[in-house]
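Now for the letters of each chain:
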Amino acid sequence: MSAIGSFALIGWKLSSESAQRSAATALSVTIAGSLALLLALLYLSELRGTTSLSVLTSPWPEVANFPNISLIIFALFIAGMTKSALFPFHFWLPQAMVAPTPVSAYLHSASLVNLGVFLFGLFAPLLKPLLLWHVGLSGIGLLTFAIGSILALLQTDMKKGLAYTTLSALGLVTTMFGLRAESVYYAATLLLISHALYKSALFMSVGILSRGMQSQDLLHTHSLWKLQRSLVLLMGVACFSMVGLPPTLGFVSKEMALHFLLGPFATANAQWFTWICASVGMLCTSAFAFLLLLKPALPSSETMPKSFNFSKVMQWSVWPLPLAGFATWGFIWSEFWNAPLLIWSGACFVGGFVLSLLLMRPKSPWMKDRPPWFHKISGAKWWEELREHSIPLLFDRLHTLIENQMSKAGYPLLFIMFAVLIFTQTPSFHWLWDFSTHTDRHLFLSIAIFTIGILSCTLLLIPSAKSLIFAVSGIGFIVSFCYAAFGAPDLLLTQILVEVATLILLIGGWFLARPKLTAIASSQSFHKGILKWVISFATAFVAVSAFLMANADLSLQKFSSNFFFENAQRAFGSNIVNLVIVDFRGLDTLGEITVLALAYFGIRGFVSRLPKSGDVPLSSSHEPRSQWTGPLFRPIAIMLLLFSLWLFWRGHDLPGGGFIGGLMAAFVLLSWRLVYRRKINFTPLAAGGLLLAYAIALIPLWSHRSFFESFLTPVGPSSLLFDAGVFLTVAGSISGILDEVYSMIFGFRKRGEHVR
Amino acid sequence: MFVNAWIALGLFLFLMVAIRFLLDTQFLRRILGFALLGHALNLMLLLSGVTGAQRNVIGTPAFVQAGRFELIVDPLPQALILTAIVIGFAVTAVLLIFEIVEKE
Amino acid sequence: MIQSWNIGLFFTLPLLVAIFHFAPLSTAGRRWLNSMLVATLSVFIWAWSQSDLPQLLLVGGWPHFAGIQWSLDELSLVLLGATLLVYWPASWALSHRSPQMNVIFHFVLAACFGLILSADLFNIYVMLEILTLASALLFIENKSLSKLKTYVWMNVVGSVFYLFAIVYLYQNLGTMNLIDIGLKWNVFAANSLLPNLIIASLCFAFILKAAIFPLNIWLPEAYALLPKEVQPFMNAVPTKVAIYLMFRLTSSVGTGSMLQPIFVLLGSTSLIVGALGLLSKKGLISNLLYFNLSHLGVMLLILTLPNPAESLLYYLAFDILVVNALFVLGNQMHDSDRGLILQGPLFLTVVGIILMSAIGLPPFGGFWAEVLVIRQTISQPMLALLILSLTFISILFALRFWATHFVGPDVEARESTHTGPHQRMVNFNLIYSSALLALFSIVSIWTYDWAIVWGEQIQKPQRHFEKILQQPPSRAVPTLELEEVP
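Protein chains in written order, with this note's numbering: chain E, 15 to 770; chain U, -18 to 85; chain C, 39 to 524.
Worth double-checking, as some hints may not be accurate.
Lysine-lysine pairs mimicking DSSO-like chemistry, simulated, CA-CA at most 27 Å apart [to be verified]:
#, chain 1, residue 1, chain 2, residue 2
1, C, Lys320, C, Lys498
2, C, Lys498, C, Lys319
3, C, Lys319, C, Lys222
4, C, Lys187, E, Lys480
5, C, Lys266, C, Lys187
6, C, Lys319, C, Lys266
7, C, Lys319, E, Lys395
8, E, Lys530, C, Lys185
9, C, Lys320, E, Lys530
10, C, Lys181, E, Lys530
Simulated from the structure, these hints should not be mistaken for laboratory data.
In this text the structure is predicted, and so the values were computed from the model without any measurement.
Starting from the given sequences, assemble the full structure and let the hints guide the process.
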């Protein structure tokens, strides 16, 4: 949340694109750190079984045994480094200086950036024994200390320079937490406190300075001694604290830090590394401090500004900060004073002073304006470039590549390939196939299915579409014969009727889509053809062999032993299949008629979108009826309708039922429509049937029975009414669907006309 | 198991042709392939309901008058097949209409 | 007061309402009808949350073997609630359009509810068909049908594979009931080579419906063309229901076993592809579709964890609400909108809540969902790294979204020239969706500890076994032999 607040503050200038970009950079980097912290915390809490922070951070010897501990340490490192802007995640902090100065003073020097090192401090007791922690943290800290101060020297923007020194100071603090001595916490805390005090003082005074001088650039500030001595004094105290001169708190904290830093070393390389980094850091920090102090103060050859416009009240309000440093000086330990170190730090101080004087010579390269490439190379620019251009571009390219590949592959092919991949989960061991050898009872069935297989092969050779449709329907009729041979009369009837309906539908569709069919060239590359055959073969093979692998001797007997017979009485019927459909699994049937009705509603909707023009050309001699059709048809239709009603009525005890009756009725209705050209509105039929079915499911609730329970009505069992609903829906939907198609063919209505 | 070699072979050929049709470029063959696949699945569902004891009663329809479960074929898959047939028809109709309407 | 038969109302009431929408009602009439539906169902949801879960409904009172069973437990309840909450504004907006759309939308809703509640695999098949057809028919008023054909064909072939699985299931186990399958699975798996095939085949259909990569090609193309009123609902709900079904399947049979590596692979690829699409430059709606895809990948990865239920409890509901809100926002905005920060504090708050929830920042709900997931990945840190990088990429996306549309040079231009009235972006749907997210955040903080407990319970199929055995023996219930369930 603090990251988001800081984001909003940095992006204060809404219209400045660079400000927004810097804000976004800051946010993205710090949130990455937060995510890493989340990971580390969650894993640690899982590991120790608690979420209490005090327990989590207490020392625990077994922590080294956990296999993923280095991951946790890396996560903590990243969290701390991003939040405190340590190298290599340092680039966001200087960019964040576009925020208003008080914000920079508080957040980005004193409080917010301390969060990262605070994290390190929290977990140091737990993780100190581990080598990775020790080496990593000290290394990162020292590097940051050195590099930050070098970079600070190179800057001319005062706030950016201060930002770099902030992160170098934080680097020093981080190093503290990486060391293994016991009292490093005192040193770290003192460092933090003194840094907070002097840095915020410096920020505020730099802010005052830049407002007064109208420029934030160090090169353009001068002659402050003449204008505002108090400001120079203020900055002087703060700078001395930064460098580490004796009367200030900074001195104490630096000495303590150095004492721990230059203590025992692990290896000789570590010693060299530490000495170099520490020296460079101290040198450059003091050089920067003197630059900051002396350059604005001294006069220069440029014209003097007229006056210094800033209120004195603001200046006086900043004074308490460095003074507080003096006050706490009294409570220090004298045992940390170490003569060689004092000499050494004194040498650094003098060296820094000399360096700053050297840099401030009028003709030195430092005094010139920075070349344009200087502002371009920075980690921030690199990160922003990455974030805004490179990553999205890369993502875009990869994404487009994937999409193109996918759509080129063609969906069914891809599909089946994937399915075959899954199917290969189960090897089909042919020696596990279990064939039976009985042939007496199922002779017809075997013959029928085998014939289907052979016939389907011949399907491949049929070129013309119409013959293909008839052949497929023929196969459908043989399938119904299979059902008969198996002993499933309901299925037989349903299959025959549905096959007729499909035939009618497909022929109608073929007629309507004829131009489209002939337009499609049947060219297909040979290789693709082979691939499709391979896939078909593989899928069929696996499917059938899985079918054969079922082991029927398992003791997983179905519970069906007496289920049907015991429950048939409560269902008031004796045709068990019908009982299953409308009673036991009535909800499935409910869904099924919903699907059918949905199909009809949808087809109506789609057909009614067609524009009014464009009728299928039909020769006028194609008359669907002769002089006799009308009178003859009426009694036939009525008989068939009665027959369908009889089929429906007897369904519960004998083969029949709602579907079969409904299908017959559908044909009757369709022929009625086609013969007499009378408009029949099928929607109420379908909708009414659905309504009846749903009502039957809900009515038992009124008499405190269960959902969809069957009960006796004066007419018959409730499942009869449900079957009536099925009857109506099936009749309405199927005749409706076929009617839509055939009305288009026979031009009963122009496409686009509603039947309402 | 109940299935003998003829049935297995017939099913295999049927499935192979149906899937091949399903993958075709012509829409009519695709629709027909889908219908054939539906038939094949229904047959398999029918045959799946036969456990060892019931292989001798093929051809006896399921009515309560039979008295015992061992004397009838399993009625539950038959109901499932009926549902699948009707749903298959509905979907075939919708797919066909898409093709017809799209021409506009 | 609450009886198990109330569960059936969830399916039939929307169907009834669908039929009622055929009548020539006014817009206000339709709104009233839909609101009555929402009110009734929410009363039931509230009542169930106070009662003893899991509930088991034997549809029609027919006992176990051939009867259909529906079940309700905490996870289903959460999902039902989220669906209902997201349904209401969609139906409100849809009442302007043709009666046909209203009818079809209610069929979609009924199918979603049926899928959540059903514990019978063939019933699920029928519901899936209803869902496929109804979602396809939502495109009735579209200009071009080619994407729709792809959509329907892919779903149809998926159902065919589902039927294959049913064939093998019935052949080997003799039952369709998920609970029963759970009982018999161990013996089956020990004696046969087929269990993986069956599970793989079923999961194939579910993966297709959930639009996991590589079977997601139908989703971005088709769902971008949906009518705007239903786009949030359709992107949010059906895919999550498919994930929920996969969870039910894998928890019934004990483990995902062989499918673990496949889930991990598919989940990671979906996540990565979704992240790729999230930062692409194709437009906001396309980005959101891929955001959806990446979250689906995360959910698939959740299924591979040792205790998916506790994460799914939050993640499913969170994802439904967030995807809904994001799409509502996406429908309000155009790709060329700039300088939206001037829209006023209400809009900014709303957008802020939505974006921060979507990313997964505390204290919003997404954070808690993430926390629950990452906690369990301690032995497979790669998953946590993937999920966290997804969060990071979402942040990049949000930053880019913010920079493009909200701030930037245009802000000054608009302030200075005062060109015309700003189009008011805030509407009721937007406020409602973000209020839902805020509410979810509060609730998730409050129920965090319970979620872990519930999660463990939902995982165990024994709860349902006990419920079956508690059924009154007055009907001829054959005795179940309980296999030893480890």
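Cross-check of the supplied hints:
{"no.": "1", "hint": "C:Lys320 <-> C:Lys498", "result": "violated, 44 Å"}
{"no.": "2", "hint": "C:Lys498 <-> C:Lys319", "result": "violated, 45 Å"}
{"no.": "3", "hint": "C:Lys319 <-> C:Lys222", "result": "violated, 51 Å"}
{"no.": "4", "hint": "C:Lys187 <-> E:Lys480", "result": "holds, 23 Å"}
{"no.": "5", "hint": "C:Lys266 <-> C:Lys187", "result": "holds, 20 Å"}
{"no.": "6", "hint": "C:Lys319 <-> C:Lys266", "result": "holds, 21 Å"}
{"no.": "7", "hint": "C:Lys319 <-> E:Lys395", "result": "holds, 21 Å"}
{"no.": "8", "hint": "E:Lys530 <-> C:Lys185", "result": "holds, 18 Å"}
{"no.": "9", "hint": "C:Lys320 <-> E:Lys530", "result": "violated, 34 Å"}
{"no.": "10", "hint": "C:Lys181 <-> E:Lys530", "result": "holds, 19 Å"}
This entry does not satisfy hints 1, 2, 3 and 9, going by the numbered hints stated previously.
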